[in-house]
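A.B. asks: Put chain B on the given structure of chain W with help from the hints.
Going down the list, the protein sequences come from chains W and B.
Here this note's numbering is used: the first residue of the first sequence is 1, the next is one more, and so on.
Here this note's numbering is used: the first residue of the second sequence is 1001, the next is one more, and so on.
Some hints here could point you the wrong way.
What the hints assert, rightly or not - Here are the simulated DSBU-like cross-link-like pairs (lysine-lysine), alpha carbons at most 35 Å apart as the crow flies:
#1 K1039/B x K340/W
#2 K1063/B x K222/W
#3 K146/W x K1063/B
#4 K340/W x K156/W
#5 K141/W x K203/W
#6 K1039/B x K225/W
Said to hold, decoys possible - Here's a subset of chain W near chain B, in silico, CB distances under 10 Å, partners left out:
#7 H58
#8 K61
#9 H85
#10 G112
#11 Y116
#12 K156
#13 G160
#14 D163
#15 N178
#16 F181
#17 F254
#18 P286
#19 R291
#20 E310
#21 V367
#22 R369
To be verified - Chain W is nowhere near these chain B residues, computed Cβ spacing over 12 Å in every case:
#23 K1100
#24 L1101
#25 T1112
#26 Q1116
#27 S1174
#28 E1186
By construction, these hints were calculated from the structure, which means they are not laboratory data.
Virtual Cβ for every residue (Gly too), placed ideally from N, Cα, C.
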Amino acid sequence: MNFSDWYVNLPRSIGAGIGRGFLLFLISMTCFLSDGPAQSEPGQVSPVEFGEKFSTDHKVKSLVGPSVQIDEQSYVSLAWMEEDHDVRSVLYARSAKPGGPMGTAVPVTGPGESPYWRQEAPALVLNGSEVYVSWAMSHPKATPEKPFSSELRLSKSVNGGQDFLPSVRVNDDDQVINHTFDSLHRTADGTVHMAWIDGREGKKESGTFAARSTDGGRTVVKNVKVDEDTCVCCRTALTSGPDGTLYATWRKMFGDIRETVVSRSEDGGRTFSEPVIVGHDKWVFPSCPHRPASIGVDQLGRLYVVWYTEGADEVPAIFVAYSDDRGLTFSRKQQLNVAKGTFPDHPQMAVDPSGRVVVVWEEQSPVRRDVVVSWSLDRAQTFSNPQKVNEKRGQTPSIAVNAQGMFVLAWLEHAMPGHRVIVQTLRLPAVKIASGTMLTHAP
Amino acid sequence: MLHNPSINRRTVLKRSLVLLVFACSLSQPRALLAEESFKALKIGSVPPGTVAAPFELKSLEGKSVPMHQFAGKLVVLNFWATWCGPCKEEMPTFERLRQKLDPERVSLLTVTTDLQRDGIKHFLGSLDVHLPVLFDEDQEVSRAYMVRALPTTVIIDRQGMVVGRALGPRDWDSPEAVRYMEHLLE
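Next up, chain W with everything else stripped away, as it sits in the complex (with noise of 0.2 Å):
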């Protein structure tokens, strides 16, 4: 059944004697999804630890993010944008203790400085004490003829978050165009690699760009192309492997196809591969899905994708696939999600260096949007069973994991008048791979 076919046969579904009121038919929605995590049987050992949940409320007009990371302490960051009395903000936060809960947000961008809005939030990777923040500014040379144009910015702190250095632009073409759907990835040498989406070549579809910064953010070497005729609007993705190659991800078009694409680099962000179709989704879709795709890679240089597609036969779906070959080839693709009369929504992964990967995702109806999370402990073979994780109305996820295995979900939940961001840890088991060696701590 393709995405019109459930819609149109969504209110039949739910049967004669309730009618086929949209009111009645969203009130009917509510009871797909389970609530709560899978219980254990009794007597059985948990087979994942989650940490405790918390909160904090943001009184604000409007939110967009949070994005996540964990450091090797397993102290939280967020990074997120807020708006409150027209004024908007890149905000970060730092937990007080390891797993949370959050400190006070301290502002990214400076007087003057105002985030374009809405399409994502900011990146966030650390890097020690250094804390990169990558965001996108409206245009300050917008004119009522482009008014919807941002440079890409690259935000600093070099104590841990308390305050920020005076942002640096990333793009290095002064066109009044948009510069966003950006990503940021710290390689093991240092170097803070970025990605975004441009239309600088003036073609009509856009292209992904590519830059790093190996002094410490401080500047921003030349722009690489990487590849053209990209999606607009999804959001790219960076990674790097044990051997260095750094691996980007983003949605490609070939005409109205829409596929999800990896490109790799072997010389540091010098220059990138062709792209490889990840998925061949074969997904027709003449618009903007809004949806990025999520990358990680193992110890053992195992390249993961996770992503959402319709597919030829349009139904929603969150796929995962590995490489073994650093992109060239990729295995079968594999359905995460399994919930019935909801749509999966947003995947985003995290990968520990002993392969255990963690996916994050949306679960939508009209009137429910919950935050699933699933995992895999043989290196994305078998993946456990969604399990919710929000009590509100639960959006925006986003994971990250430090190089203990110590992973970390944060998304937003509606909390009238205002919004709240939940941050929990997740610990799995230890697991063995190939090598046979032990590689991560036991819980």
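C.D. replies: Same frame as chain W, but now just chain B:
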């Protein structure tokens, strides 16, 4: 003139037949044209009786705009965002469609989750587009209408029922689109 009942009956029958054929010749092509327009526009069908979700959103001018304000009208809801290229490309076609339809009977509304108020004002002004913009700040209306991608256009008939959905951009001022709208107004 002689009164012949059999001739009279035959005449009546003939005239009725002619009238029937004439009526069919009028209504059939219209229905067919509407059907063809529907197909040409690739409008996704929605089951009869699907009630449009109510909403109340703020306009560009900050006024509250409740859905019931459009009761009895054909309503076209266009969901878009400033970062969506195809959305911006199709916007002028909505303006031209607006000009071709009776504003007393049809309301074309654009809905965005974006918050670039000034930019949107300039953008629409530069294109000479005079469509109302409603801000779906919490994305509740987008979700109620199952907006999965942008642009998405939802068509609500005069009885307040959702009768069609179009995913992706269209030439909304094409003869097919105008014919489709006029058909919905019949």
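A.B. asks: State for each hint whether it applies.
C.D. replies: Right, here's what the structure says about each hint:
The suggested pairing of K1039/B with K340/W holds, with an alpha-carbon distance near 29 Å, which does not exceed 35 Å. For the given pair, K1063/B sits about 46 Å from K222/W by alpha-carbon distance, which is inconsistent with the 35 Å threshold. Among the hinted pairs, K146/W with K1063/B is consistent with the structure: their alpha-carbon atoms are about 26 Å apart, no more than 35 Å. Of the pairs offered as hints, the one joining K340/W and K156/W is violated, with about 43 Å between alpha carbons and a cut-off of 35 Å exceeded.
Distance hint between K141/W and K203/W is fulfilled; the C-alpha atoms sit about 21 Å from each other, no more than 35 Å. Restraint check for K1039/B and K225/W: not satisfied, since their Cα atoms lie roughly 40 Å apart, outside the 35 Å limit. Look at H58/W: its Cβ only gets to about 14 Å from chain B, farther than 10 Å, so that hint breaks. Restraint check, K61/W versus chain B: the minimum CB separation of about 7 Å is within 10 Å; hint holds.
Interface hint status for H85/W: violated, as the beta-carbon distance to the closest one in chain B is roughly 13 Å, over 10 Å. Taking 10 Å as the C-beta cut-off, the interface hint given for G112/W is violated, the closest approach to chain B being about 16 Å. For Y116/W, the interface hint holds, since its Cβ comes within 10 Å of a Cβ in chain B; the closest pair sits about 8 Å apart. At its closest, the beta carbon of K156/W sits 26 Å from a beta carbon of chain B; the interface hint therefore is violated under the 10 Å criterion.
The interface hint given for G160/W is broken, as the beta carbon of that residue sits about 31 Å from the closest beta carbon of chain B, more than 10 Å. Because the beta carbon of D163/W sits about 27 Å from the nearest beta carbon in chain B, more than 10 Å, this interface hint is broken. The interface hint given for N178/W is met, as the beta carbon of that residue sits about 6 Å from the closest beta carbon of chain B, less than 10 Å. Against a cut-off of 10 Å between C-beta atoms, the interface hint on F181/W holds, since the closest Cβ of chain B lies about 8 Å away.
A hinted interface residue such as F254/W counts as satisfied when its beta carbon comes closer than 10 Å to some beta carbon of chain B; here the least separation is about 16 Å, so the hint is violated. The beta carbon of P286/W comes within 4 Å of a beta carbon in chain B, closer than 10 Å, and the hint placing it at the interface holds. Of the supplied interface hints, the one on R291/W holds, with its beta-carbon coming within about 8 Å of a beta-carbon of chain B, less than 10 Å. Interface restraint check for E310/W: the shortest CB-CB distance to chain B comes to about 8 Å, inside 10 Å, so the restraint holds.
Look at V367/W: its Cβ gets to within about 8 Å of chain B, closer than 10 Å, so that hint holds up. Evaluation of the R369/W hint against chain B yields a held restraint, the C-beta minimum of about 7 Å falling below 10 Å. Separation of K1100/B from chain W is adequate, the least Cβ-Cβ distance of about 24 Å exceeding the 12 Å criterion. Even its closest Cβ contact with chain W, about 24 Å, leaves L1101/B beyond 12 Å, as expected for a residue assigned away from the interface.
Not every beta carbon of chain W lies more than 12 Å from that of T1112/B, the smallest distance being close to 9 Å; the non-interface claim is violated. Non-interface status of Q1116/B relative to chain W is broken: a Cβ of that chain comes within 12 Å, the nearest being about 6 Å off. Here S1174/B stays apart from chain W, with its beta-carbon at least about 16 Å from theirs, past the 12 Å limit. Listed as outside the interface, E1186/B is consistent with that label: its C-beta sits roughly 23 Å from the nearest C-beta of chain W, beyond the 12 Å cut-off.
Violated hints for the displayed structure, listed by number in ascending order: 2, 4, 6, 7, 9, 10, 12, 13, 14, 17, 25, 26.
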